[in-house]
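Model the placement of chains S and X on the given structure of chain W, informed by the hints.
Residue strings, one per chain:
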Amino acid sequence: MSSARGRSAGAALLAVVALAAWLSVGYFGYELITEIAILAIFAMSLDLLVGFAGMVSLGHAAFYGIGAYAIAACTTMLGWSAFSAMVLAVAASAAVAGIVGAFAVRLGGVFFIMVTLAVGEAVHAYLFKARAFGGDDGLAGVTQLDLGAIGIDLADPRAFAAFALMATGLSYAILETVVRSPFGCLLVAIHQNERRARALGCRVERVKLGAFTLAGALAGLAGTLTAQHTRFISPELLAWTVSGEALIVVIVGGMGSLVGPAAGAAVIVLAKHWVSGATEFWMLCMGLAFIAVVVLAPNGLYASLAALLRRLRRVVR
Amino acid sequence: MLLDPTFLAIQALNALQLASLLFLLSVGLSVVFGLMNFINLAHGTLYMVGAYLGLVAVRETGSFWLALALAPLGVALVGAALHVVLLRYMQRASPMRQVLVTFGLIYVGLDLVRMLWGNYSYGIEPPVAFAGSVRILGEIYPAYRLLVIGIGVIVLVALALVLERTRLGAVVRAGVDDRETASAIGLNIDLAFFGVFCLGCALAGLAGVVAAPVLSIHPGMDMSILVLTLIVVVVGGPGSLRGAVLGSLLVGFVETFGQVLAPAYASMLLYALMALVLILRPGGLVPVRRVVRA
Amino acid sequence: MLCADGLQKRFGALVVTRNVSFALEPGERRALIGPNGAGKTTLFDLLTGEQRVDAGRIEFNSRDITADTPDARARAGLGRSFQRNSLFAGMSVAENLVTAAALASGIGKVFWKPLVRYTRLRAKAEEIANAVGLGDAMDVGVEALPYGFQRQLEVGLALALDPVALLLDEPTAGMSPEETVAMKALIAGLPRSLTVLVIEHDMDVVFDIADHITVLDAGSILFEGTPEEVRGSAEVRARYLGEA
Numbered sequence: 001m002s003s004a005r006g007r008s009a010g011a012a013l014l015a016v017v018a019l020a021a022w023l024s025v026g027y028f029g030y031e032l033i034t035e036i037a038i039l040a041i042f043a044m045s046l047d048l049l050v051g052f053a054g055m056v057s058l059g060h061a062a063f064y065g066i067g068a069y070a071i072a073a074c075t076t077m078l079g080w081s082a083f084s085a086m087v088l089a090v091a092a093s094a095a096v097a098g099i100v101g102a103f104a105v106r107l108g109g110v111f112f113i114m115v116t117l118a119v120g121e122a123v124h125a126y127l128f129k130a131r132a133f134g135g136d137d138g139l140a141g142v143t144q145l146d147l148g149a150i151g152i153d154l155a156d157p158r159a160f161a162a163f164a165l166m167a168t169g170l171s172y173a174i175l176e177t178v179v180r181s182p183f184g185c186l187l188v189a190i191h192q193n194e195r196r197a198r199a200l201g202c203r204v205e206r207v208k209l210g211a212f213t214l215a216g217a218l219a220g221l222a223g224t225l226t227a228q229h230t231r232f233i234s235p236e237l238l239a240w241t242v243s244g245e246a247l248i249v250v251i252v253g254g255m256g257s258l259v260g261p262a263a264g265a266a267v268i269v270l271a272k273h274w275v276s277g278a279t280e281f282w283m284l285c286m287g288l289a290f291i292a293v294v295v296l297a298p299n300g301l302y303a304s305l306a307a308l309l310r311r312l313r314r315v316v317r
Numbered sequence: 001m002l003l004d005p006t007f008l009a010i011q012a013l014n015a016l017q018l019a020s021l022l023f024l025l026s027v028g029l030s031v032v033f034g035l036m037n038f039i040n041l042a043h044g045t046l047y048m049v050g051a052y053l054g055l056v057a058v059r060e061t062g063s064f065w066l067a068l069a070l071a072p073l074g075v076a077l078v079g080a081a082l083h084v085v086l087l088r089y090m091q092r093a094s095p096m097r098q099v100l101v102t103f104g105l106i107y108v109g110l111d112l113v114r115m116l117w118g119n120y121s122y123g124i125e126p127p128v129a130f131a132g133s134v135r136i137l138g139e140i141y142p143a144y145r146l147l148v149i150g151i152g153v154i155v156l157v158a159l160a161l162v163l164e165r166t167r168l169g170a171v172v173r174a175g176v177d178d179r180e181t182a183s184a185i186g187l188n189i190d191l192a193f194f195g196v197f198c199l200g201c202a203l204a205g206l207a208g209v210v211a212a213p214v215l216s217i218h219p220g221m222d223m224s225i226l227v228l229t230l231i232v233v234v235v236g237g238p239g240s241l242r243g244a245v246l247g248s249l250l251v252g253f254v255e256t257f258g259q260v261l262a263p264a265y266a267s268m269l270l271y272a273l274m275a276l277v278l279i280l281r282p283g284g285l286v287p288v289r290r291v292v293r294a
Numbered sequence: 001m002l003c004a005d006g007l008q009k010r011f012g013a014l015v016v017t018r019n020v021s022f023a024l025e026p027g028e029r030r031a032l033i034g035p036n037g038a039g040k041t042t043l044f045d046l047l048t049g050e051q052r053v054d055a056g057r058i059e060f061n062s063r064d065i066t067a068d069t070p071d072a073r074a075r076a077g078l079g080r081s082f083q084r085n086s087l088f089a090g091m092s093v094a095e096n097l098v099t100a101a102a103l104a105s106g107i108g109k110v111f112w113k114p115l116v117r118y119t120r121l122r123a124k125a126e127e128i129a130n131a132v133g134l135g136d137a138m139d140v141g142v143e144a145l146p147y148g149f150q151r152q153l154e155v156g157l158a159l160a161l162d163p164v165a166l167l168l169d170e171p172t173a174g175m176s177p178e179e180t181v182a183m184k185a186l187i188a189g190l191p192r193s194l195t196v197l198v199i200e201h202d203m204d205v206v207f208d209i210a211d212h213i214t215v216l217d218a219g220s221i222l223f224e225g226t227p228e229e230v231r232g233s234a235e236v237r238a239r240y241l242g243e244a
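Residue numbers (our numbering), protein chains in the order written: chain W, 1 to 317; chain S, 1 to 294; chain X, 1 to 244.
Same shape as in the complex, but just chain W (with noise of 0.2 Å):
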């Protein structure tokens, strides 16, 4: 488990270097911050179910697809205000997850990964079809957010960064209240040992619902970023190689860290990129190494690196 203090100083380690960073890039390099930002916050809200409450969901793309069409839909269909839009989906997702949740949460390890994966691919059929939402042709034309007042122009790559940055530490920050809270304790209490949990009171499905709901939402607040950077979305958003690449940020970055994907985003975003350049065969690199780290370090790099800095510490002392 990682502790209160070790994710604060990983927080603001990552802080700084995301600002040197949007400090210091051009044009692309504001694409790629962009592209980080919005898969650290997906990857800390599965986190938060796969790290910290032990529910491994295959299916948390939904949420983050539900969250990109509900904005688009509401902007590009009913020319609502991005800001309208972007809290309708964000509410959207958290219902959603609400209602698949609501059942799912009863259901133990591997029949939750099924049952996730099952329902992942079925909103990705559901959209895939439905002519309604675009079909595979996806929605064009989604409008972003309205920072005029402040002067910010989000059309504006290195402003965009900006804003997913911050969008990016707000989530952060929501999830590290939530996870030192009494209920982020009972997450935790009911992921190291249900049965004793519930004998001792806890009403286990209940904080696994808010647990599920939260996570839903915060994805879906990832889902309308992605949306209003590309301006266009398609059926791939919620496709099971997202929730998918998802899960392999967490459990490469490190599971219940919060900060370890975090990271992990960056690294898989980057090497993703770099790999691309030299192979078409990225997703066999990918696999090879997330078999490697769960067999080799099952913990993630957070939980390596944090026992490094322990034994390094013993050392000098």
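Simulated from the structure, these hints should not be mistaken for lab results. The model shown is predicted, which means the values in this text are computed figures rather than measured ones. Careful: at least some of the hints might be erroneous.
Below, simulated EDC-like cross-link-like pairs (lysine to aspartate or glutamate); rule was C-alpha separation at most 20 Å, straight line [stated by the list, open to error]:
(1) X:K184 <-> X:D202
(2) X:K109 <-> X:D162
(3) X:K124 <-> X:D139
(4) X:K184 <-> X:D211
(5) X:K109 <-> W:E194
(6) X:K124 <-> X:D136
(7) X:K184 <-> X:D208
(8) W:K272 <-> W:E31
(9) X:K109 <-> W:E176
(10) X:K109 <-> W:E205
(11) X:K184 <-> X:E127
(12) X:K113 <-> W:E176
Just chains S and X now, kept in the frame of chain W:
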């Protein structure tokens, strides 16, 4: 149109064909899950490999029947290798890590297939004996699809016999029922698991070859069938032949009729079915009864 | 305080609990003894709700709890320790007890305030740790604790619930003689306002702390009485105590 007997008959046959395929895929997955609480998420990948191996076999030997025999063997060997090299170490570690490793294998399998055969779609011709069509209530229906149903039935009967009449079957049934006690009385559960796992891989490979003349062979064919198979395992209940049969029939019919009557909502319908079953019977339709020590 | 009426439970063809009825008075110390496989732990599972009864009624604190979930019964004040340690393995002793105390005080729904702000929970955790002899091990991780200490924490968690009735399943299982003495003192020292039902194999512990003893055999109640009556019963001696 819905009440037209010909339409119903044709779609029912389509549903049975899908159910047959799903049965071949789900029975191995289900029994392994019931035995070891382990789900091989790369099962769809094995199905895909089976289809490609079948393609190679048909090209090299010209015989569909030979491919039908060789591909499952090939896939069983792949499964055995994976188990020996990788999966059995994870078994000791934790079921979750084992599942995650198989998840990583999906990505590996996908790119390996693309490396060897590219992104194109291929097909296999059905065997000459079943290349024609038959008349079903006035409509023509491909004879091959009836073969698919037949193969499913044959495998079902064979498995039922193995489970009921052979020593391996007895060990498997004991292990699914109460693994601790079965090990304690000296039954080699690990060996039984290995045997069942390889058999499950072989069946996945068989399903791949059998499906090839009907569906196309391409990277990505693994995931669509995997999700349906998982729904079968969840709905039918893990660990039993009956569960796999019931689940396959239910999913086969709902998916087939759903796709024909309301294509956009077909997956939603399946999901609703799964939710309904799990709410009423959380262990699936044929749950594994775990004996609790007094 | 805690009454069972006609409890029945079977697993497949095996009848594990056969028409079991008993009643505990408030503050009573009752021991549940019987050979292995008699169904003692299953009876506990029925009382705490981990298993559903096939037939019969359970009444706790004048309320029918037969249909209640395990967590509902815990919230109603029914605490339990398990035969095999069931602790929060990744946490320290203090964290275990604080978690239990947090659940007992109903603040589990708070997701906006840090847990560390609730200083009274830490105080309560210290109090319980001292009561079960773990006062000096507060920050030790559970996995690093010796077995006897883990057993004590097992009881401590149930106590942190502020229970009205306590079900202890073989609290001295696997303990050394010294540890057993400590556990015996712990149980003897529990407030008399607490109703305690203990499953035990160690007859010294049983005869020391029990007001009444219920003997379970093959799923049904063989005998019920005071320690003297149980010692004097030829039937119990033959079937269980192993004397000629």
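Taking the hints in turn, this is what the structure says about them:
no.: 1; hint: X:K184 <-> X:D202; in the structure: holds (10 Å)
no.: 2; hint: X:K109 <-> X:D162; in the structure: holds (19 Å)
no.: 3; hint: X:K124 <-> X:D139; in the structure: holds (15 Å)
no.: 4; hint: X:K184 <-> X:D211; in the structure: holds (14 Å)
no.: 5; hint: X:K109 <-> W:E194; in the structure: holds (17 Å)
no.: 6; hint: X:K124 <-> X:D136; in the structure: holds (15 Å)
no.: 7; hint: X:K184 <-> X:D208; in the structure: holds (8 Å)
no.: 8; hint: W:K272 <-> W:E31; in the structure: holds (14 Å)
no.: 9; hint: X:K109 <-> W:E176; in the structure: holds (16 Å)
no.: 10; hint: X:K109 <-> W:E205; in the structure: holds (12 Å)
no.: 11; hint: X:K184 <-> X:E127; in the structure: holds (19 Å)
no.: 12; hint: X:K113 <-> W:E176; in the structure: holds (11 Å)
When held up to the earlier numbered hints, the structure conflicts with none and fits them all.
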